[in-house]
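Chemist: So the chains spell out like this:
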Amino acid sequence: MTSATALRDLAVIEYADVLWAGFLMTLKISAIGIVGSLIVGLIGAAIGELRIPVLRQAVRIYVEAIRNTPLLVQVFTLFFVLPTLGITLSPFVVGCIALVAWGGAYNVENFRAGLGAVAHRYLEGAWALGFSRTRTFLSITVPIGARLSLPGLTNTMISILKNSALMLGIGLAELTFTVQKLSAETFRTVELFVVLGIVYLALVLVLSSVMHLIGRRYALGAGV
Amino acid sequence: MNDFSWIGPTLKLVASGALQTIVIAVASVVIAVVLGVILGVLLCLPAGRWNNAVRWALTLYLQLFRGLPVLVTLFIVFFVSPSLGLDLASTPAAIAALSLWGSANVMEVVRGAVRSIPTAQFEAATALGFKWAAVMRLVVLPQASRRMIPPVVNLIVDLIQATTLASLIGVVEVLQRSRQAVEYYQLSAGDGHAAPIFAGVLLFFFVICYPLTVLARRMERRPSREAPRSSKRARTGRPVVEPSGA
Numbered sequence: 001m002t003s004a005t006a007l008r009d010l011a012v013i014e015y016a017d018v019l020w021a022g023f024l025m026t027l028k029i030s031a032i033g034i035v036g037s038l039i040v041g042l043i044g045a046a047i048g049e050l051r052i053p054v055l056r057q058a059v060r061i062y063v064e065a066i067r068n069t070p071l072l073v074q075v076f077t078l079f080f081v082l083p084t085l086g087i088t089l090s091p092f093v094v095g096c097i098a099l100v101a102w103g104g105a106y107n108v109e110n111f112r113a114g115l116g117a118v119a120h121r122y123l124e125g126a127w128a129l130g131f132s133r134t135r136t137f138l139s140i141t142v143p144i145g146a147r148l149s150l151p152g153l154t155n156t157m158i159s160i161l162k163n164s165a166l167m168l169g170i171g172l173a174e175l176t177f178t179v180q181k182l183s184a185e186t187f188r189t190v191e192l193f194v195v196l197g198i199v200y201l202a203l204v205l206v207l208s209s210v211m212h213l214i215g216r217r218y219a220l221g222a223g224v
Numbered sequence: 001m002n003d004f005s006w007i008g009p010t011l012k013l014v015a016s017g018a019l020q021t022i023v024i025a026v027a028s029v030v031i032a033v034v035l036g037v038i039l040g041v042l043l044c045l046p047a048g049r050w051n052n053a054v055r056w057a058l059t060l061y062l063q064l065f066r067g068l069p070v071l072v073t074l075f076i077v078f079f080v081s082p083s084l085g086l087d088l089a090s091t092p093a094a095i096a097a098l099s100l101w102g103s104a105n106v107m108e109v110v111r112g113a114v115r116s117i118p119t120a121q122f123e124a125a126t127a128l129g130f131k132w133a134a135v136m137r138l139v140v141l142p143q144a145s146r147r148m149i150p151p152v153v154n155l156i157v158d159l160i161q162a163t164t165l166a167s168l169i170g171v172v173e174v175l176q177r178s179r180q181a182v183e184y185y186q187l188s189a190g191d192g193h194a195a196p197i198f199a200g201v202l203l204f205f206f207v208i209c210y211p212l213t214v215l216a217r218r219m220e221r222r223p224s225r226e227a228p229r230s231s232k233r234a235r236t237g238r239p240v241v242e243p244s245g246a
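Which chain is which? The protein sequence lines are A and B, in order.
Going by our numbering, the residue at position 163 of the first sequence is 163; the numbering climbs one at a time, nothing skipped.
Going by our numbering, the residue at position 244 of the second sequence is 244; the numbering climbs one at a time, nothing skipped.
Among the hints, a few may not be true.
[Stated by the list, open to error] To give an idea of the chain A side of the interface with chain B (calculated C-beta under 8 Å), a few residues:
1) Ala65
2) Thr154
3) Asn163
4) Ser183
[Unchecked claim] Below, a list of computed lysine to any residue pairs in the SDA-like style, where the Cα atoms sit at most 20 Å apart:
5) A/Lys181 - B/Pro118
6) A/Lys28 - A/Thr154
7) B/Lys131 - B/Ala120
8) B/Lys12 - B/Ala195
9) A/Lys181 - A/Val12
10) A/Lys181 - A/Ala21
11) A/Lys28 - A/Ala119
12) A/Lys28 - A/Ile39
13) A/Lys28 - A/Pro143
14) B/Lys131 - B/Pro118
15) A/Lys28 - A/Leu201
16) A/Lys181 - A/Pro91
17) A/Lys181 - B/Gly170
18) A/Lys28 - A/Ile97
19) A/Lys181 - A/Phe92
20) A/Lys181 - B/Ser90
21) A/Lys181 - B/Ile117
22) A/Lys181 - B/Lys131
23) A/Lys181 - B/Ser83
24) A/Lys181 - B/Val29
25) A/Lys181 - B/Ile76
26) B/Lys12 - B/Ala127
27) A/Lys181 - A/Val194
28) B/Lys131 - B/Ile149
Hints were generated in silico from the structure; no laboratory data involved.
Cβ atoms here follow ideal geometry from the backbone N, Cα and C, with glycine treated the same way.
Start from the sequences, fold in the hints, and give me the full structure.
Modeler: Next up, the structure:
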């Protein structure tokens with residue numbers, strides 16, 4: 001047997017197109033989850049920081065509810081309960097909503113920690129210059145606080161990427177789902193799962209390296 | 001619609017699943033913490049030929065199981081182990097996977113906590129003639145353990161929540177039982193009662209996890225305000241540090 005046929009014998013090569021589609025789905029849903037959760041997190045933290053009544057309490061309840069219940073149960077709840085209320089969503093939409101809501105709750109905490117760590121002297125400086133509270137928040141607190149939040153945000157981004165695998169529970173054809181299905185059909189279990197593991201490790205490595213580079217450019221250390 | 005007769009049997013069914021969830025959670029938390037602390041301490045071994053090899057292997061373990069999604073670790077343990085001649089049932093596989101993931105995270109916490117202890121502490125203890133194991137046990141770990149507790153409690157919360165993933169390999173824990181219940185009512189009565197059943201599962205986890213989250217947050221907020229607890233020996237007046245020659 002030549003090496004070329006041995007290579008063709010690998011399930012990974014044979015089913016490359018299916019696996020590639022799963023990989024792209026994982027990337028897509030993770031990207032939506034990451035971007036969405038950053039927006040939700042920043043808005044949530046801003047509501048807390050600006051002490052907007054009622055909304056602030058609502059954000060606290062949202063954060064505690066999400067953080068203290070398992071993501072998989074949240075996903076199933078969205079997927080199985082919403083149809084009983086007459087809202088039927090595709091697994092993809094449910095997956096996006098779940099990841100954004102889950103990551104958003106963690107990012108509210110990340111941003112809150114960062115925004116809260118902005119030194120008071122900057123705010124006093126802004127007020128002395130006649131900045132309004134909102135102006136101070138937008139021009140001083142957010143730019144500095146967001147940078148201080150970077151390490152926490154990075155951890156949450158990585159978690160979102162990894163947790164996108166849970167969407168196989170509702171039948172979304174992302175990478176883990178595809179691998180599991182293929183392994184059940186082809187019995188190439190070891191090979192497929194080893195590749196799956198390597199792909200996730202590589203994705204996590206790439207994401208953390210990118211965030212490290214961004215951090216080198218933008219992160220602010222203690223004392224700022 | 002106002003028939004509530006389904007609630008009783010459902011509670012019974014889901015409660016049996018909840019018990020299984022608790023068994024998995026307790027087992028994996030205990031294994032993860034014990035294993036993680038031991039491996040984490042070994043990760044702090046001083047440089048040396050064999051020690052470097054040990055540290056290298058442990059770092060690989062840590063990076064591997066922290067980098068992989070828990071679900072992928074779970075699938076690898078469950079689906080790949082039979083090919084290696086190790087036929088694990090679903091519950092032991094779930095406990096094993098959660099322990100691998102949890103212990104890797106505990107290792108990271110232990111390493112961070114040990115590193116946060118000033119080097120002067122190591123140097124002073126070594127100068128007093130303590131061997132590495134004694135330095136760790138008597139000087140470093142008592143101080144580091146206080147910094148480990150909040151992140152470890154947070155990790156326990158994550159582990160408890162991750163037990164639900166076991167349902168994806170067929171363990172009949174609380175989530176699996178509730179899905180069975182919903183499916184059964186959907187098929188037999190046309191109404192799955194999905195909303196109250198899943199709300200119950202969410203509440204079940206919230207009631208367990210919220211107190212732990214609050215506890216971790218409280219401990220995080222005042223790490224140094226608590227005076228270091230005096231050891232039994234210090235209280236009885238005997239010297240805590242005995243001269244090495246005695």
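Chemist: Which earlier hints turn out false for this structure, listed by number in ascending order?
Modeler: 2, 5, 11, 13, 21, 22, 24, 26, 28
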